[in-house]
Amino acid sequence: MADINFYFDPICPFAWMTSKWIRIVQAQRDYTVDWRFISLRLINAHIDYDSHFPPEYEAQHTAGLRLLRVASAVREKHGREAIGPLYAAYGARILETGPDEGREPGWQGAPELAAAALTEAGLPSSLTEFLDDTSRDAEIQAESDEALALTGKDVGTPIVHFEPPAGVAFFGPVISRLPDEEQAGVLWDHVVGLARFPGFAELKRSLREQPQLPSFGVTTSEPGKTEDWHAGSRRLKK
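Residue numbering for the sequence shown follows my numbering, beginning at 14 and increasing consecutively.
Keep in mind that a hint or two might mislead.
[Stated by the list, open to error] In the DMTMM-like style, the derived pairs of lysine to aspartate or glutamate whose C-alpha atoms are separated by at most 20 angstroms in a straight line are: (1) 90 x 167; (2) 33 x 133; (3) 238 x 222; (4) 238 x 109; (5) 33 x 167; (6) 90 x 142; (7) 90 x 61; (8) 33 x 109; (9) 166 x 61; (10) 90 x 43; (11) 217 x 167; (12) 33 x 176.
Derived from the structure by calculation, the hints contain no laboratory data.
With the hints as extra help, turn the sequences into a complete structure.
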């Protein structure tokens, strides 16, 4: 049994930033992490993308689902322990590179990117054949439903379940800056302590800094531009 279940969609920048923090805490506390799936495309299947989201979101969310299909095949054929390195390889190519200006929406789900990530993770690049394997979607949907059953449906990714199955689960934390080694454990303790209080429900604001990631063109020496997020979508601060 893992100490932490971490539900992620590989194209989500805030999930990626939180995962980097979790990996620091994992090393400090000797936690085991089970990297699990939640698909933004599947949990938003009932929503009209054209009216609800910025225009590029549908292609991006679909790209995330394509990558999760590959991850599903990896887990089946190579075990759960292979997902952490694969997610790291996905993130390095999607979120640790420069802004995606000039690239077609959905580029994150390209076979070339998936193949390179698989190779870096020590896995067969031939597993890209599962990018369009919709038979994998039922498993991904079930795991997404499992995540939302822990927190309620008005959330996104990541979802963190601490000390499963009986421990607390919460959406986020959504962070835009990566804490240093000393801050990482302190921040983790505060989050878990708050979430463990039985009457705690929510602490939230919709204003977020763009994360300090190369994909946003934001360096670690500057705060990202503030944006207003609501209903799972990014809106520029007026």
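Which numbered hints fail: Hints 1, 5, 7, 10 not satisfied by this model.
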